[in-house]
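Numbering follows our numbering, with no gaps: position 229 of the sequence shown is 561.
Be a bit skeptical, because a hint or two may be false.
Unchecked claim - Calculated pairs, EDC-like style, for lysine to aspartate or glutamate (alpha carbon to alpha carbon, straight line, at most 20 Å):
#, residue 1, residue 2
1, Lys533, Glu378
2, Lys669, Asp340
3, Lys393, Asp335
4, Lys628, Glu656
5, Lys628, Glu530
6, Lys393, Glu406
7, Lys495, Glu530
8, Lys628, Asp497
9, Lys384, Glu406
10, Lys533, Glu476
11, Lys399, Glu476
12, Lys352, Glu478
13, Lys705, Glu563
14, Lys399, Glu369
15, Lys495, Glu485
16, Lys352, Asp364
17, Lys745, Glu563
18, Lys393, Asp359
19, Lys628, Asp396
20, Lys628, Glu612
21, Lys352, Glu394
22, Lys705, Glu717
23, Lys705, Asp560
24, Lys628, Glu394
25, Lys541, Glu530
26, Lys399, Glu378
27, Lys628, Glu369
28, Lys628, Glu357
29, Lys352, Asp340
30, Lys384, Asp364
31, Lys533, Glu660
32, Lys572, Glu530
33, Lys399, Glu347
34, Lys384, Glu347
35, Lys384, Glu363
36, Lys352, Glu476
Bear in mind the hints are in silico, worked out from the structure with no lab data behind them. None of these values were measured; they are calculated from a predicted model.
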Amino acid sequence: MSDFILPDIGEGIVECELVKWLVSEGDLIEEDQPVAEVMTDKALVEIPAPYKGRVTRLYWKEGDIAKVHAPLFELVDESGEGSDQSSAEQAATSEESNSKTPEAKQAEPQKTQESAQAPAAKSAVSPEAPRTPASPAVRRLVRENELTLDSIEGSGKDGRVLKSDVLTHLEQPASGGSSAPASGMRRADAQNQEVRIEPIKGMQAVMAKRMVVSASTIPHFNFSEDIDVTELLSLRQQLKPEAEARGSRLTLMPFIMKAIALAVREYPVLNSQLNEDVTEIHYQPNCNVGMAVDSKIGLLVPNVKNVDQLTLLEIADEVTRLTEAAREGRVSQADLKGGTITISNIGALGGTYASPIINAPEVAIVALGRTQKLPRFDANGQVAERAIMTISWAGDHRIIDGGTIARFNNLWKSYLESPQSMLLHMG
Numbered sequence: 333m334s335d336f337i338l339p340d341i342g343e344g345i346v347e348c349e350l351v352k353w354l355v356s357e358g359d360l361i362e363e364d365q366p367v368a369e370v371m372t373d374k375a376l377v378e379i380p381a382p383y384k385g386r387v388t389r390l391y392w393k394e395g396d397i398a399k400v401h402a403p404l405f406e407l408v409d410e411s412g413e414g415s416d417q418s419s420a421e422q423a424a425t426s427e428e429s430n431s432k433t434p435e436a437k438q439a440e441p442q443k444t445q446e447s448a449q450a451p452a453a454k455s456a457v458s459p460e461a462p463r464t465p466a467s468p469a470v471r472r473l474v475r476e477n478e479l480t481l482d483s484i485e486g487s488g489k490d491g492r493v494l495k496s497d498v499l500t501h502l503e504q505p506a507s508g509g510s511s512a513p514a515s516g517m518r519r520a521d522a523q524n525q526e527v528r529i530e531p532i533k534g535m536q537a538v539m540a541k542r543m544v545v546s547a548s549t550i551p552h553f554n555f556s557e558d559i560d561v562t563e564l565l566s567l568r569q570q571l572k573p574e575a576e577a578r579g580s581r582l583t584l585m586p587f588i589m590k591a592i593a594l595a596v597r598e599y600p601v602l603n604s605q606l607n608e609d610v611t612e613i614h615y616q617p618n619c620n621v622g623m624a625v626d627s628k629i630g631l632l633v634p635n636v637k638n639v640d641q642l643t644l645l646e647i648a649d650e651v652t653r654l655t656e657a658a659r660e661g662r663v664s665q666a667d668l669k670g671g672t673i674t675i676s677n678i679g680a681l682g683g684t685y686a687s688p689i690i691n692a693p694e695v696a697i698v699a700l701g702r703t704q705k706l707p708r709f710d711a712n713g714q715v716a717e718r719a720i721m722t723i724s725w726a727g728d729h730r731i732i733d734g735g736t737i738a739r740f741n742n743l744w745k746s747y748l749e750s751p752q753s754m755l756l757h758m759g
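Starting from the given sequences, assemble the full structure and let the hints guide the process.
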């Protein structure tokens with residue numbers, strides 16, 4: 333019998349949120365079987381079992397903040413082969429377990445009782461019952477209001493219960509009574525409700541800290557423009573069947589990223605970084621374009637590495653991979669590090685112009701607005717329908733002046749408005 337010590341996940345992370353247990357006390361598990369999902373300030377990580385055995389104790393509840401180098405769960409080796417830990421490793425594990433604070437030891441009986449109650453509650457449910465999909469935040473809201481996910485009709489994909497579904501359920505009148513008393517009860521309940529307080533943690537906490545630092549230390553220069561993407565949409569439509577034939581999903585994003593990578597060749601300061609003392613400009617050798625993704629654990633900004641060296645199809649495949657991983661909160665730390673310039677696609681949610689905040693240590697970010705069909709004068713002075721996309725740049729005004737970002741934007745815009753011209757500059 334030994335405690336599994338939550339390992340050092342890297343990047344200086346000292347704690348993480350225990351999002352979900354994938355096992356229960358008493359379960360027999362295999363080596364490398366996922367035991368728990370924990371959320372660091374960078375990504376959702378699965379913790380695997382070190383060897384085959386039986387789980388005898390879970391030290392934390394879902395939603396707790398677990399400490400690195402502290403016991404996560406207790407595992408009894410039932411394989412007959414024993415753990416491969418050396419005597420030194422076992423001694424270190426024992427020392428870690430014995431070094432727990434008195435407060436932690438005092439809390440263990442309560443945690444053990446709560447953990448025992450959890451399997452008992454689970455045993456009352458048929459093992460064949462499907463798990464209702466919902467994010468950790470939604471599950472927490474359901475628990476706080478003493479509801480069950482099964483009682484709420486989910487409007488998301490595959491019946492996923494959304495926050496709006498829970499709020500709608502709470503607003504519904506109680507069954508079996510008249511509508512007037514129910515309305516009166518709701519008003520009375522509303523008056524007696526207390527403020528609900530949730531800690532800011534995980535990716536939301538990281539984003540809050542980074543945005544405060546960025547907005548307070550970096551002087552932003554904003555620049556907005558309209559781009560005619562009529563020809564670009566037409567070219568994408570022509571190439572789309574060929575891309576789909578090889579399993580690629582071709583959106584406008586690969587073209588936009590490639591155009592950025594070509595434009596920073598002429599204006600490399602947009603793809604640079606400043607040192608902490610603001611005494612040096614570090615021009616980055618590659619263009620790693622980040623894209624902000626609204627994931628279920630908060631805003632994530634994975635980046636496509638070496639966009640300057642990739643084909644449009646290779647960029648398209650990376651965009652698809654990173655978007656799917658980010659939306660599930662499972663993007664790797666390697667995909668989150670090393671970005672040099674960022675795109676925020678607010679147009680996907682219906683926005684037009686914005687004032688984006690730079691993703692430090694980068695020095696530039698662009699927000700893409702939605703594309704609209706608008707009237708424009710053609711070369712003959714006739715009004716024609718054109719596809720217009722609004723964009724908004726923000727640059728670090730310490731090293732990027734208005735003229736530089738305007739000239740950079742004009743070159744990038746020319747590639748998007750005349751996409752065939754990019755062929756002349758692709759290496």
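Please name the hints from earlier in the document that this structure breaks, with their numbers sorted from lowest to highest. 11, 20, 28, 32, 34
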